[in-house]
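Take the two lone chains and join them into the complex the hints point to.
Residue numbers (the numbering used here), protein chains in the order written: chain A, 1 to 149; chain B, 1 to 374.
Do not rely on the hints blindly, as some may be mistaken.
[Claimed, not checked] Where chain A lies over chain B, by a calculated footprint (3+ residues, C-beta under 8 angstroms):
hint, stretch
1, 26–37
2, 134–146
[Stated by the list, open to error] Calculated Cβ distances over 12 angstroms to all of chain A for the following chain B residues:
hint, residue
3, P7
4, A11
5, E23
6, I45
7, A190
8, D323
9, K327
10, R331
Note that these hints are calculated values from the structure, not bench results.
Glycine included, each C-beta is placed from N, C-alpha and C at the ideal position.
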Amino acid sequence: MLDAIKDVVRKSSIHVCIVNCGGCNGCDVECVALLSPRYDLEQFGIYVHNNPREADVLLLTGAVTEQWKDNLKRIYDKAPEPKIAVAVGNCPISGDVFAQEGGHVNAPASNFIPVAAEIPGCPPRPNEILEAILAVGPQAIADRGREQK
Amino acid sequence: MIVPIGPIHPALKEPIRLKLQTEGERVVKAEIEYGYVHRGIEKIIEGKTWQKGIYLSERVCGICSYEHTQTFAETIEAISDVDVPPRAQFLRVIANELDRIQSHLLANSTFFKSMDHETLFMHVLELREYAMDSIELLTGNRVNMGWNVVGGVKMDADERHFEPILENLKKIEERFEIVRSLFAEGPALALRCKGIGYMSKKEAIKGRAVGPIGRASDVKEDYRVGHYTYDDYFDFKVIRRTEGDNYARTLTRFDEIPESISLVRQAIENMPDGEVRTPAEIKSGYAMRRNEAPRGEVTYMIETNGNLIKNISIRTPSIPNMDSCAKYMIRDVPTVADAVSTYASCDPCVACAERVAITDEAGKTIVKRWDEVI
Chain A
1 MLDAIKDVVR KSSIHVCIVN CGGCNGCDVE CVALLSPRYD LEQFGIYVHN
51 NPREADVLLL TGAVTEQWKD NLKRIYDKAP EPKIAVAVGN CPISGDVFAQ
101 EGGHVNAPAS NFIPVAAEIP GCPPRPNEIL EAILAVGPQA IADRGREQK
Chain B
1 MIVPIGPIHP ALKEPIRLKL QTEGERVVKA EIEYGYVHRG IEKIIEGKTW
51 QKGIYLSERV CGICSYEHTQ TFAETIEAIS DVDVPPRAQF LRVIANELDR
101 IQSHLLANST FFKSMDHETL FMHVLELREY AMDSIELLTG NRVNMGWNVV
151 GGVKMDADER HFEPILENLK KIEERFEIVR SLFAEGPALA LRCKGIGYMS
201 KKEAIKGRAV GPIGRASDVK EDYRVGHYTY DDYFDFKVIR RTEGDNYART
251 LTRFDEIPES ISLVRQAIEN MPDGEVRTPA EIKSGYAMRR NEAPRGEVTY
301 MIETNGNLIK NISIRTPSIP NMDSCAKYMI RDVPTVADAV STYASCDPCV
351 ACAERVAITD EAGKTIVKRW DEVI
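The shape of chain B in the complex, shown without the other chains (with noise of 0.2 angstroms):
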């Protein structure tokens, strides 16, 4: 039997159909259908300026957000041979891991929720609020940040912001640890994930996954390695685990949130003097460059003719993630409450999943699975 789940469903917070194909409770093979959201952005940023661009790129996912924004800065800073002066390079990394920050609560939030556990879910989402409310006071806005321009970040920053940031992570800090010993030695939610959901590391590289699903199962890449900042200037650890499974995946980015903290400190305390923003003049070009956003590996691929982008492909982590997701994580589990709670574990972010079209030759969109447009 086919049990269809979505698009607009209790267990889902974003618009995408499931199809679980199903024998008795167990669930065999499941498939995904995309296409609920997709606005056609690369097509509007063609031909713009990067003024525009960089607002685009900022609503191509709202929880992941701020990465795309760097990203899209870092790419057209590496065509027109921009370097961008330290302070602002420290100020990006704060901004990206209090939205790493962030994120990852969302991320286990939801899956606590998808498992019908309301305590945790409740804990887990007012830590969140703080680090929310540290965004708000860097950049201040609380989603949607707007807060890198090509050639540095829009505005700086000093004591009046950094002291309630640190004030607000330490709040964090207190609560997290019990957060986390509820969710990793209570053994009512251990049953529920252990082992549930598995995939390989073999099955995670063919699968692309990406980011801390694809650490959860010994994948060893995070682009934060090989960054020019992180590389320079800071220390931190690529957390990785074996399991593989929702257990895993839940645990890697609990355990991400500390290393996040850690960095924040760190840029706060070696916070160089200077400008935050160099004035930059965009040539032609074309680069390449890839990020770590909560999720996983951002790639912007940007091709300028004079201060007009000519091309730009967009590439996000949620794709392979949730590619992998249906072909590996929800084979063979057991219930099909499992596979909503396994879904869920992927941190699917439909928003960055869809901008992929092909029109047909009557010039009707459809919208194809990723692996069949390459």
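Chain A with its partners taken away, still in its complex shape (with noise of 0.2 angstroms):
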């Protein structure tokens, strides 16, 4: 019963973070664009924070940068439990163009720290990073929740 409730408080308020660890903001401006009325992302009980001591759903844009190996791990385990961390982009999944000689990227992101979902895209559309995070999330999020208990 209470993991029922439980349940329902934890997929209808999402807290969204966006850590940006090193891309060109394309994403992120995609992220910002998504409060507009057009897209409205707090109709579907989705807030964003930007502060990662409150967030649900931790939204990674950007390949890990240098200055990012160790500090990617720490923001994750500010977040607290029940968590999870989405990759919008490219870059957190492959590196894209900067994963070459001479850029100093490590990604994937996955590697740092687990990422229950990716988005591909060079940035993708508003609309596909509110698909995928109302796609996995709130489902994500409550099966972590039982899996914490």
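Here you go:
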């Protein structure tokens, strides 16, 4: 019974923190565009906070740069359980164009923290990001909450 | 006391660390720590052809990605003596000004968000979506457009593209005056921005502030004046203000939007016929070009060897702007909350800022501040 109530609460109120670990900013502006009245992220119960200590979903953008190698795990640890990380864009998945000779990136991000879902695209469209968060987010958070018990 | 803000913080979009030295609530001094998004783009471009280089230059910055590709293409064109057909030049102007509209609207909405004024934040972001629609209609992409090539632009556009773009611009114009007057004449907002984050003209020149941030402090530089397309075919007014505070910076960006809309209209009305791309043979040589990105001056210095890029150096507007923000604007703001909104008012783009790296003897990367490097 308690679990069922917790599931409902977790599924319907998701706090998001955008973590830019070294990208071109393109994915971040698309995440900001999600806040606009056209996409209206908040009608789905999602609130962009940018505070890892209150986040349920970490939206990772950017290939992991040198400075982020240790800090990414620290940010992830700061978020309270249950939490998931979603990789937005090509950068955290493969490093995109920066994973070449001369680049200082350590993609993929899944080497450092567990990533629940990946949204490819350079950058993905806002509705794709929204669709992905809604498709995996609520259930993954609820599942993880049960696991943690 | 030192108040650290960032790298991940509710007030910031991008990873950067602000160190504010405070006395009570007053901020005395500020320091910016860069280095969280250094990817080494210039080093990756070295030794590659322009086809690969232009793709990477687009990813220097996601918000003003268009101007980077245009300047890159124009630099290579200057090296190889390629004349761009007039129709391509006009199409470039349309894309450039649409990009400027969306970037200014985004910067202002971030500023309102940093002041916790959600209503204006939403209004401005809604206007921005029309500009994004126009960009998508014209180029096929929303953010990284992939629209410029050396010798012109990738695709032609016709009435089917121009008519919806003009309609979108009309929609922006209808709402624009209301939104602008909400900010410019609203007493609550004005109280929080007038006189906050003041930078005089002298300081702006000393801090090398460029773009709307410099122009809000009465610096007259706008690199669209002097660009061959704008000089030959277009007519526009350079917006300048004298106050040099947060209010002036935001209003400068607002006032540039009608100018950009009129430039797009002029381009569509006088669109010449002809080719949109000429074949280009890349020569060896060196060239430098400056252009006006939404945030200010973008400079590309490229040296080619055959058709390979031997050396490239990119100067983006964000470093001088953020530096002058830390040195002059944040100095002596009354509260920490004002320091954050002042930082947002200088339209920072961390992704542009970080390409300079210095390695020590052990090969470890240390990212240094711009003025230490020169």
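Results of checking the hints against the structure:
Coverage of the stretch 26–37 of chain B by chain A holds in this model, with 3 residues showing a Cβ closer than 8 angstroms to a Cβ of that chain against a need of three. By the rule of at least three residues with a Cβ nearer than 8 angstroms to a Cβ of chain A, the coverage given for the stretch 134–146 of chain B holds, with 3 such residues. A beta-carbon of chain A is positioned within 12 angstroms of the beta-carbon of B/P7; the least distance is around 7 angstroms. With a least beta-carbon separation of about 8 angstroms from chain A, B/A11 fails to lie farther than 12 angstroms from that chain, contradicting its non-interface assignment.
Non-interface call for B/E23 relative to chain A: holds, since the shortest CB-CB distance, roughly 27 angstroms, exceeds 12 angstroms. Not every C-beta of chain A lies more than 12 angstroms from that of B/I45, the closest at about 8 angstroms, which undercuts listing it as non-interface. Every Cβ of chain A is farther than 12 angstroms from the Cβ of B/A190; the closest lies at roughly 25 angstroms, confirming the non-interface assignment. For B/D323, the condition that its CB be more than 12 angstroms from all CB atoms of chain A holds, with the nearest at approximately 19 angstroms.
At the 12 angstroms boundary, the C-beta of B/K327 stays outside the reach of chain A, the nearest C-beta of that chain being 23 angstroms off. For B/R331, the non-interface assignment is confirmed: its Cβ lies about 26 angstroms from the closest Cβ of chain A, beyond the 12 angstroms cut-off.
Violation of the numbered hints given earlier is confined to hints 3, 4, 6; the remaining hints are satisfied by the structure.
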